[in-house]
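Trainee: Whenever a hint applies, use it, and build me the whole structure from the sequences.
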Amino acid sequence: MNERSVVGKPLPRVDGKSKLTGQAKFTTDVVLPGMLHGKLLRSPLPHAKILSIDTSKAEKLPGVAAVITGKDTWGIRYGFVDTPNYPAEERPIAEDKVRFIGETVAAVVAVDPDIAEDALDLIEVDYDPLPAVFDPEEAMKDGAPQIHGEITRTTSCAWEDWGVARKSHSYTPVNNIAAKVVVSYGDVEKGFAEADYVREDRSRSPGTSHMAMEPHTIVASWDPFHQKLDVWMNHMAFELKRYWLHKTLDIPITKIRIHKTYIGGAFGGKAPCFDYEVIAGFLSRKLCKPVKIELTREEVFSSCRNSHRFDINVKTGVKKDGTIVAQHVKIIVDAGAYKCSAPVAMFLSHAMCDPCLDRKNVRHEGVAVYTNKNFNFARRGHGAPQMRLAADSQYDQICEDLGLDPVEFLLKNLRKKGDVIPNGDRLDSYGLPEAIKKSAEAIGWKEKRGKQRDKNRGVGIGINGMFSGSGYWPFACAAIVRLNHDGTITLIEGDCEFGQGADTAYSQIAAEAVGLPLDDVTLISSDSELCPMNYSNFLSGGLFVGGGAVYNAAMDLREKILKVASEAMKAKPEEIELKNRAAFLKSNPKRSYSFTDLMRFHIQKHLGDPLIGYGYKKAVPEIEFYPSLSKGTGRFTDAYGFTASTAEVEVDRETGRIKVLKIVVADDCGYEINPAAIKGQMVSQAVQGMGDALYEEIMDDEGRVLNPNLVDYEIPRAFDIPEIEVIDCSDYEPKGPFGGKEAGECARAAVISAITNAIYDAVGVRMMRVPVTPERLFNALKAKGK
Amino acid sequence: MEGSKKMIKVKVNGKLYELLIKPKITLLQLLRNELGLTGTKQACMDNSCGACTVIVDKMAIKSCSVLAMQVNGKEVTSVEGLASEDGKLTPLQEAFLEFSAFQCGFCTPGKLMSSTAMLEEMPDPTEEDVRRDMEGNLCRCTGYKQYLAAIMHVVQKRKEGSK
Chain F
1 MNERSVVGKP LPRVDGKSKL TGQAKFTTDV VLPGMLHGKL LRSPLPHAKI LSIDTSKAEK
61 LPGVAAVITG KDTWGIRYGF VDTPNYPAEE RPIAEDKVRF IGETVAAVVA VDPDIAEDAL
121 DLIEVDYDPL PAVFDPEEAM KDGAPQIHGE ITRTTSCAWE DWGVARKSHS YTPVNNIAAK
181 VVVSYGDVEK GFAEADYVRE DRSRSPGTSH MAMEPHTIVA SWDPFHQKLD VWMNHMAFEL
241 KRYWLHKTLD IPITKIRIHK TYIGGAFGGK APCFDYEVIA GFLSRKLCKP VKIELTREEV
301 FSSCRNSHRF DINVKTGVKK DGTIVAQHVK IIVDAGAYKC SAPVAMFLSH AMCDPCLDRK
361 NVRHEGVAVY TNKNFNFARR GHGAPQMRLA ADSQYDQICE DLGLDPVEFL LKNLRKKGDV
421 IPNGDRLDSY GLPEAIKKSA EAIGWKEKRG KQRDKNRGVG IGINGMFSGS GYWPFACAAI
481 VRLNHDGTIT LIEGDCEFGQ GADTAYSQIA AEAVGLPLDD VTLISSDSEL CPMNYSNFLS
541 GGLFVGGGAV YNAAMDLREK ILKVASEAMK AKPEEIELKN RAAFLKSNPK RSYSFTDLMR
601 FHIQKHLGDP LIGYGYKKAV PEIEFYPSLS KGTGRFTDAY GFTASTAEVE VDRETGRIKV
661 LKIVVADDCG YEINPAAIKG QMVSQAVQGM GDALYEEIMD DEGRVLNPNL VDYEIPRAFD
721 IPEIEVIDCS DYEPKGPFGG KEAGECARAA VISAITNAIY DAVGVRMMRV PVTPERLFNA
781 LKAKGK
Chain P
787 MEGSKKMIKV KVNGKLYELL IKPKITLLQL LRNELGLTGT KQACMDNSCG ACTVIVDKMA
847 IKSCSVLAMQ VNGKEVTSVE GLASEDGKLT PLQEAFLEFS AFQCGFCTPG KLMSSTAMLE
907 EMPDPTEEDV RRDMEGNLCR CTGYKQYLAA IMHVVQKRKE GSK
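Protein chains in written order, with the numbering used here: chain F, 1 to 786; chain P, 787 to 949.
Honestly, I wouldn't trust all of these hints.
List time: in silico DSS-like cross-link candidates among lysine-lysine, alpha-carbon distance up to 27 Å [to be verified]:
id	chain 1	residue 1	chain 2	residue 2
1	F	Lys25	P	Lys874
2	F	Lys57	F	Lys25
3	F	Lys412	F	Lys319
4	P	Lys791	F	Lys17
5	F	Lys60	P	Lys808
6	P	Lys943	F	Lys9
7	F	Lys60	P	Lys791
8	F	Lys286	F	Lys60
9	P	Lys874	F	Lys9
10	P	Lys943	F	Lys25
11	F	Lys662	F	Lys455
12	F	Lys57	P	Lys808
13	P	Lys874	F	Lys17
Which stretches of chain F does chain P cover? Using the computed rule of at least three CB atoms under 8 Å from a CB of chain P, they are [unchecked claim]:
id	stretch
14	212-220
15	250-264
16	676-688
17	709-720
If you're looking for bench data, these hints aren't it; they were derived computationally from the structure.
A virtual CB, placed ideally from N, CA and C, is assigned to each residue, including glycine.
Mentor: As structure tokens, this is what we get:
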């Protein structure tokens with residue numbers, strides 16, 4: 001193909017005009033005739049038996065259409081991790097007991113949201129409080145309150161549906177342990193014995209909120225004549241949400257349609273199945289009316305998924321020159337009341353480390369523990385930000401102890417391009433070395449590191465690696481590209497648009513492949529009924545897997561057009577180029593046929609075939625189903641993205657306040673399909689990472705969230721933003737569409753440790769618990785007498 | 787219930803409406819639920835995020851914290867009222883597009899309204915002024931950089947144009 005004219009350009013987003021004029025339809029904007037509104041009654045207690053629920057007064061309130069409780073949805077189970085070993089234990093409405101403050105105990109549906117809200121006050125619930133436990137380490141002790149009894153499977157899980165033979169079984173968690181992970185390679189004891197220096201440190205990353213701007217919302221509409229459920233919802237992959245609705249409501253999967261809406265931010269927080277989604281579908285079917293449930297901001301904070309709190313103990317052995325020879329990681333994940341993605345988070349905290357540095361002998365142990373709190377899910381990096389804080393802070397300290405330079409330390413321990421890492425993944429692209437060097441250079445590392453303490457200023461560095469999709473149901477993406485009458489194309493693919501720019505990037509890929517300008521692409525996306533199979537827009541697999549399927553489909557159409565052009569022009573396909581809705585001879589551009597003519601020609605000569613391209617891609621071709629989460633064996637992903645970040649901060653010793661002066665993000669996301677979108681992803685992660693490092697923490701008192709609003713839960717504002725420099729360190733990824741791979745998740749983790757390490761450089765106090773609030777830093781400075 | 791409704795007269799995006807409304811509804815609810823103008827977004831309902839910002843008589847205000855009754859006799863502009871009816875975007879909308887100044891787009895209408903009002907009020911703001919003025923508009927996707935650049939681009943263009 002010729003020089004690229006559509007990909008690699010910072011073209012305006014295809015969803016731009018809709019979003020800038022108020023025309024873009026979000027789920028919160030969906031209104032259907034006769035639509036009812038649902039509200040949820042939530043538990044005020046962290047752990048209690050439900051003795052009885054009296055809904056009679058609520059049912060009598062004029063305008064109330066129905067009230068349901070756990071009796072109506074008894075036995076329905078779902079979960080993000082739902083495997084033979086770990087059957088799902090989440091439920092739409094609490095049954096015999098509640099396990100956290102904010103758990104749904106009843107749902108009301110009424111003609112307007114105010115009446116539904118009023119009716120909640122009329123529901124009488126008689127609770128018998130149980131002892132509760134809020135700290136994972138307390139919860140693991142013998143004699144701690146047991147949050148779950150026997151967990152029994154009520155339906156088959158995705159594994160069984162897929163044909164994996166293993167039968168699932170019931171299990172009873174012991175000491176509130178929801179899941180365990182042990183990944184091990186090499187000989188850790190031998191490694192430590194060979195080390196010249198060993199350090200052990202402990203870090204904590206708290207639970208944080210994704211804080212997507214659009215509150216979680218669904219509209220579900222049951223059509224009794226066709227026995228079909230139409231759904232508009234906040235999601236990150238229609239296939240998964242449809243699968244869960246199908247399983248929980250026992251509706252055939254193709255009798256559920258997820259319609260396209262724009263999604264007002266996600267960051268991981270909208271991917272799993274939620275109680276309110278099952279409830280909306282259940283109520284709509286019960287009443288044969290559309291039902292909308294729009295959560296409040298407080299509900300999003302206290303009853304929707306937040307990120308996991310990780311307590312990490314990391315022990316690392318190094319040679320005098322800084323070569324890492326062994327690492328032993330012990331993680332305690334605060335799962336909350338249900339396990340959701342906790343088993344995955346523990347595994348990913350290892351899996352994202354492995355492509356970055358060669359640690360030689362590794363043992364990575366994780367335990368996820370039930371507590372009587374709201375439960376958690378992936379947030380932009382899923383386990384990696386927590387692990388990077390632990391590892392990068394410790395590397396920084398090891399360098400301080402041994403008189404080494406942290407940049408040199410990282411460069412010394414790098415893997416190499418082409419390396420096959422212990423699980424079998426190969427690093428075909430590996431831009432991390434360049435990213436480390438360039439991010440250090442851009443912050444003025446050599447001139448500044450360790451030399452500005454008199455000014456209370458410091459610089460720090462952090463790194464990260466991130467997968468480009470992995471084995472997850474339904475494992476594959478497909479796309480279709482139609483040639484239209486006028487020579488334009490229609491791209492049909494399933495990925496959803498939640499801000500990351502999928503609609504634009506995929507349209508660019510298709511346009512480029514067929515030699516059309518971006519405006520010549522009509523997009524049909526994110527609709528379960530119109531689009532072919534779709535894998536997901538989380539797991540950082542969007543562009544690599546979904547975009548890869550689009551690339552393959554568009555290239556399929558390209559080849560078909562070239563073939564018919566070569567037939568019509570009596571020339572070889574390689575002598576022909578496609579541009580501006582026409583095929584022409586490279587040697588004589590005046591000889592050309594329009595796509596319209598070629599399509600007509602093909603229809604006449606080839607039994608009516610109007611030229612349609614079809615393509616697909618599997619996330620990881622070499623693995624059959626899922627990588628083993630508990631053992632970490634087997635191929636995991638086909639390409640990794642990488643980031644190195646540096647930061648410069650200034651500390652006010654009087655107040656403990658930290659001012660971030662500059663953040664550098666040097667990222668390897670493979671070929672940049674849309675550089676403006678990539679820059680947006682990097683700046684976004686720099687700012688989110690700054691929020692994590694300095695401000696953000698879900699705080700609770702005995703399970704009650706203390707800051708469930710945007711006044712008390714602080715996120716960075718326009719005025720807080722430092723200078724941010726984004727450096728493109730792309731390494732061409734041979735398996736990615738035009739060489740592209742992961743871009744949206746990697747950088748956040750690197751920024752967090754860059755900032756905390758910069759704080760150390762500024763004042764000589766190691767902060768291994770984020771956020772580093774002024775109070776925490778002030779107290780740490782005081783304790784150290786600094 | 788009907789008896790408790792009150793009449794208001796309000797001009798929204800240049801159109802005059804006479805409406806019978808429940809006195810307790812907010813301006814945000816008036817726009818979204820009564821007039822079907824869903825471009826204005828509800829994200830926090832406690833005056834803290836700015837997604838619901840509209841312009842009332844040249845002032846940017848958060849429509850979730852104003853009662854509809856309070857705009858009786860006033861002129862309201864929402865995001866739907868920015869571009870011309872035949873589809874011509876304002877310079878700010880053009881700049882947001884050019885600078886990729888939005889991602890998910892949920893807070894974007896609020897940002898556009900705040901910055902439109904600010905540029906009306908301040909003839910020549912510095913970037914510091916803009917950052918201060920936009921502090922009430924939270925955004926989780928963009929990290930603010932690209933939209934601050936878009937606004938400064940419009941300021942610069944305007945300066946050049948007035949020379």
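Trainee: Determine for every hint whether it applies to the structure shown.
Mentor: The hints, checked one at a time:
{"no.": "1", "hint": "F:Lys25 - P:Lys874", "verdict": "holds, 20 Å"}
{"no.": "2", "hint": "F:Lys57 - F:Lys25", "verdict": "violated, 37 Å"}
{"no.": "3", "hint": "F:Lys412 - F:Lys319", "verdict": "holds, 11 Å"}
{"no.": "4", "hint": "P:Lys791 - F:Lys17", "verdict": "violated, 37 Å"}
{"no.": "5", "hint": "F:Lys60 - P:Lys808", "verdict": "holds, 23 Å"}
{"no.": "6", "hint": "P:Lys943 - F:Lys9", "verdict": "holds, 23 Å"}
{"no.": "7", "hint": "F:Lys60 - P:Lys791", "verdict": "holds, 24 Å"}
{"no.": "8", "hint": "F:Lys286 - F:Lys60", "verdict": "holds, 18 Å"}
{"no.": "9", "hint": "P:Lys874 - F:Lys9", "verdict": "holds, 24 Å"}
{"no.": "10", "hint": "P:Lys943 - F:Lys25", "verdict": "violated, 31 Å"}
{"no.": "11", "hint": "F:Lys662 - F:Lys455", "verdict": "holds, 16 Å"}
{"no.": "12", "hint": "F:Lys57 - P:Lys808", "verdict": "holds, 25 Å"}
{"no.": "13", "hint": "P:Lys874 - F:Lys17", "verdict": "holds, 10 Å"}
{"no.": "14", "hint": "212-220", "verdict": "holds (count 4)"}
{"no.": "15", "hint": "250-264", "verdict": "holds (count 3)"}
{"no.": "16", "hint": "676-688", "verdict": "holds (count 10)"}
{"no.": "17", "hint": "709-720", "verdict": "holds (count 8)"}
Checked against the numbered hints listed earlier, the structure breaks hints 2, 4 and 10; every other hint is satisfied.
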